[in-house]
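S.K.: Read off the chains here:
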Amino acid sequence: MLDIFRTLLWRDITLAMRSRADLVANLFFFIIVVSLFPLGIGPEMATLRLIAPGVVWVAALLASMLALERIFAADYEDGTLEQMLLTPQPLALLILAKVAAHWLVTGVPLVLIAPVLGLQYNLSGEMLQVLIVTLLLGTPSLSLIGAIGAALTLGLRGGGVLNALLVMPLTIPVLIFGAGAVEATASGLGGIGHLYLLGAILLAALFFAPLAAAAALRISAE
Amino acid sequence: MLEVVNLECQRGDRCLFSELSFTLQRGELIHLHGHNGSGKTTLLRALCGLILPTSGEIRWQGSAIDSLREEFAANVTYIGHKGAIKGGLTALENLQIASRLDGFAITEEHAWRALERIGLRGFEDLPTRVLSQGQKRRVALARLLVNRAPLWVLDEPFVALDRAAVGLLQGVIADHVANAGMVMLTTHQEVSLTTGEVRQLQLGVGALGHA
Numbered sequence: 006m007l008d009i010f011r012t013l014l015w016r017d018i019t020l021a022m023r024s025r026a027d028l029v030a031n032l033f034f035f036i037i038v039v040s041l042f043p044l045g046i047g048p049e050m051a052t053l054r055l056i057a058p059g060v061v062w063v064a065a066l067l068a069s070m071l072a073l074e075r076i077f078a079a080d081y082e083d084g085t086l087e088q089m090l091l092t093p094q095p096l097a098l099l100i101l102a103k104v105a106a107h108w109l110v111t112g113v114p115l116v117l118i119a120p121v122l123g124l125q126y127n128l129s130g131e132m133l134q135v136l137i138v139t140l141l142l143g144t145p146s147l148s149l150i151g152a153i154g155a156a157l158t159l160g161l162r163g164g165g166v167l168n169a170l171l172v173m174p175l176t177i178p179v180l181i182f183g184a185g186a187v188e189a190t191a192s193g194l195g196g197i198g199h200l201y202l203l204g205a206i207l208l209a210a211l212f213f214a215p216l217a218a219a220a221a222l223r224i225s226a227e
Numbered sequence: 005m006l007e008v009v010n011l012e013c014q015r016g017d018r019c020l021f022s023e024l025s026f027t028l029q030r031g032e033l034i035h036l037h038g039h040n041g042s043g044k045t046t047l048l049r050a051l052c053g054l055i056l057p058t059s060g061e062i063r064w065q066g067s068a069i070d071s072l073r074e075e076f077a078a079n080v081t082y083i084g085h086k087g088a089i090k091g092g093l094t095a096l097e098n099l100q101i102a103s104r105l106d107g108f109a110i111t112e113e114h115a116w117r118a119l120e121r122i123g124l125r126g127f128e129d130l131p132t133r134v135l136s137q138g139q140k141r142r143v144a145l146a147r148l149l150v151n152r153a154p155l156w157v158l159d160e161p162f163v164a165l166d167r168a169a170v171g172l173l174q175g176v177i178a179d180h181v182a183n184a185g186m187v188m189l190t191t192h193q194e195v196s197l198t199t200g201e202v203r204q205l206q207l208g209v210g211a212l213g214h215a
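Chains A and X are the protein sequences, given in the same order.
6 is the number of the first residue of the first sequence in the working numbering; add one for each residue after it.
5 is the number of the first residue of the second sequence in the working numbering; add one for each residue after it.
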């Protein structure tokens, strides 16, 4: 079973590495959205620091949604998704592998670039650390929850917009606790409680999202 | 043994076929006929479990396929209109990954040999997106050469193939039937599938007879 997981993970990462344009576009979208705010709001340090966690998190959320649209689309178009439904492997496991690959190539770069972007907002070292941890815990949840929506809207015209409308309300808790942890750290309250909640959301999503997405895929593929 | 009992399928509001019953035994091939839109692809997809029939039942070794799911999936190979090959991967990678997902890992040497036999010598290491239609089709069909599933469901397998490849594929199918395999296929091309027990199934008219 682990072998199947690894095979599919390797396949998706290899494919992503061979067509890097999508990944780079996604990363640049994130960088540009985050960088637009200081330009629009002005160089007021206190204001920037106040809005930073929210801005970075909203941008990460939007970038994830943008990338998620494609998670099953390519496999659907070339027929490999059909074959995945016909393999003797548990579909939820295959989906978990796909989501993991998707997060590694779209989510992790966001996490890595976030501290650099955070410098534009005059965030302290401690806040940057907490920001990285929240993104590390939160972005996999976004990918997992988004996979359900992507599976449901597969093959529909304008599926991307519909997916965002379906999924974004579900990601609000991740956004609240993600941005909240950084704000709580800044105000001296300590963000550890928020981090535990983010971890709990991630665990729940790890378990339920692949099952839900598997059920949705079986319907969409018909 | 595959049994189809009183199967009915609808697409949209239109009933494609109803009260369709037949059995497919080991060592048999069913050649499915029917005009465009008569529901051939729908029937083949329903047989694999990709589409839920409106009514009726499909049984594998006596149990309904929707209760067997993964157990049944291990016994079927479906090759549809979409070749299920990744343009970004090489022919070799495509074949190896497809096999591993199908539940049996093949060695690299085994994959090389299969690709050579299907006529892709020298193209094994190219990304399949640069191959021609016929070559892509060959990559997809190479799965049949390394496959161990008893039931093959083939939707227009001969499309885009040249004469040599059609001959080769016919040989592969004949071998499979001779080795107690089961094949259900549809094709509009004139091909002689004379080896083994060949039955013709006509959709749209509803008659099943021996050839």
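Hints are computed from structural coordinates only; laboratory data are not their basis.
Careful: at least some of the hints might be erroneous.
As the list claims (entries may be wrong) - Distance windows between CB atoms, simulated:
| # | chain 1 | residue 1 | chain 2 | residue 2 | range |
| --- | --- | --- | --- | --- | --- |
| 1 | X | Gly-175 | A | Phe-34 | 46 to 56 angstroms |
| 2 | A | Ile-137 | X | Arg-125 | 44 to 54 angstroms |
| 3 | X | Gly-107 | A | Glu-227 | 18 to 28 angstroms |
| 4 | X | Cys-19 | A | Asp-8 | 38 to 48 angstroms |
| 5 | X | Gly-138 | A | Gly-204 | 19 to 29 angstroms |
| 6 | A | Ile-137 | X | Asp-179 | 39 to 49 angstroms |
| 7 | X | His-192 | A | Arg-23 | 29 to 39 angstroms |
| 8 | A | Gly-198 | X | Gly-107 | 22 to 32 angstroms |
| 9 | A | Leu-7 | X | Ser-22 | 19 to 29 angstroms |
| 10 | A | Arg-25 | X | Ala-182 | 39 to 49 angstroms |
| 11 | A | Arg-23 | X | Ala-164 | 22 to 32 angstroms |
| 12 | A | Asp-27 | X | Arg-73 | 27 to 37 angstroms |
| 13 | X | His-192 | A | Ala-209 | 44 to 54 angstroms |
To be verified - Incomplete in silico selection of chain X near chain A, CB under 7 angstroms:
| # | residue |
| --- | --- |
| 14 | Ile-101 |
| 15 | Glu-113 |
| 16 | Gly-138 |
Ideal Cβ positions, reconstructed from N, Cα and C, are used throughout, including at glycine.
S.K.: Is it true that the C-beta distance of Ile-137 (chain A) to Asp-179 (chain X) lies inside 39 to 49 angstroms, as the hint says?
M.R.: Between Ile-137 (chain A) and Asp-179 (chain X), where Cβ atoms are some 58 angstroms apart, the hint is violated.
S.K.: Given a cut of 7 angstroms on the nearest C-beta pair, is the interface hint for Glu-113 (chain X) held or broken against chain A?
M.R.: 18 angstroms, violated
S.K.: Should the interface hint for Gly-138 (chain X) be scored as holding, given a Cβ-Cβ cut-off of 7 angstroms against chain A?
M.R.: 17 angstroms, violated
S.K.: Would you say the C-beta atoms of Arg-25 (chain A) and Ala-182 (chain X) sit inside 39 to 49 angstroms of each other?
M.R.: 48 angstroms, holds
S.K.: Lying within 22 to 32 angstroms: is that true of the beta-carbon distance Gly-198 (chain A) to Gly-107 (chain X)?
M.R.: With a Cβ separation near 45 angstroms, Gly-198 (chain A) and Gly-107 (chain X) fall outside 22 to 32 angstroms, so the hint is violated.
S.K.: Looking only at beta-carbon atoms, does the pair Asp-27 (chain A), Arg-73 (chain X) fall within the given range of 27 to 37 angstroms?
M.R.: Check passed, 33 angstroms falls within 27 to 37 angstroms.
S.K.: For the pair Gly-107 (chain X) and Glu-227 (chain A), does the Cβ-Cβ distance stay inside 18 to 28 angstroms?
M.R.: At 23 angstroms between Cβs, range holds.
S.K.: May I ask you to test the hint 29 to 39 angstroms on the CB atoms belonging to His-192 (chain X) and Arg-23 (chain A)?
M.R.: 36 angstroms, holds
S.K.: Regarding His-192 (chain X) and Ala-209 (chain A), is the given constraint of 44 to 54 angstroms on their beta-carbon distance met?
M.R.: 51 angstroms, holds
S.K.: Cβ-Cβ distance between Arg-23 (chain A) and Ala-164 (chain X): within 22 to 32 angstroms?
M.R.: 25 angstroms Cβ-Cβ, so the 22 to 32 angstroms window holds.
S.K.: Given the hint of 44 to 54 angstroms, is the C-beta distance from Ile-137 (chain A) to Arg-125 (chain X) inside that range or not?
M.R.: Roughly 50 angstroms apart at Cβ, these two residues keep to the hinted range, so it holds.
S.K.: Grab the minimum C-beta distance from Ile-101 (chain X) to chain A and call the hint holds if it beats 7 angstroms, violated otherwise.
M.R.: 5 angstroms, holds
Figure legend: structure checked against the earlier numbered hints; hints not met, in rising order: 5, 6, 8, 9, 15 and 16.
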